[in-house]
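Input sequences plus hints: build the corresponding full structure.
Per the working numbering, the very first residue in the sequence shown carries number 53; after that it's consecutive.
Hint data in this document are derived by calculation from the structure and do not stem from the laboratory.
Built from N, CA and C at the ideal position, the CB exists for glycine as well.
Between beta-carbon pairs, the in silico distance windows are:
(1) Thr-135 x Val-90: 36 to 46 Å
(2) Pro-88 x Asp-131: 36 to 46 Å
(3) Val-90 x Asp-130: 35 to 45 Å
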Amino acid sequence: MPGGANGDLVPALRLIRSLNYSTRVVLGVRDIIDDPAVTCAVWQREGFYDTLRRYYDFRNHTPGTPALETDAFLVHSDDQGATWQETRLTAVSFDLRTAPV
53 MPGGANGDLV PALRLIRSLN YSTRVVLGVR DIIDDPAVTC AVWQREGFYD TLRRYYDFRN
113 HTPGTPALET DAFLVHSDDQ GATWQETRLT AVSFDLRTAP V
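The structure is reproduced here in structure tokens:
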């Protein structure tokens, strides 16, 4: 859940965004056992897509479009976090709302 189990991450996410740091916030999605349609309905009802749009890294999303353009990136460090390298894993953006879960 992008905002935490009970929205407990929202204050921290809000603070990070308000400070205008170049910090990228990444959501790690693990396997979801529920039917994708059930998960998508819950995320819509609970406002998770709004939380994603507001606080997470959707650098290729065009605000105001109905799709939630999303990409996958591999970010890794070879020197214990002193520097980071990023590789885009998706050739084109996909709509997170209709992606298989």
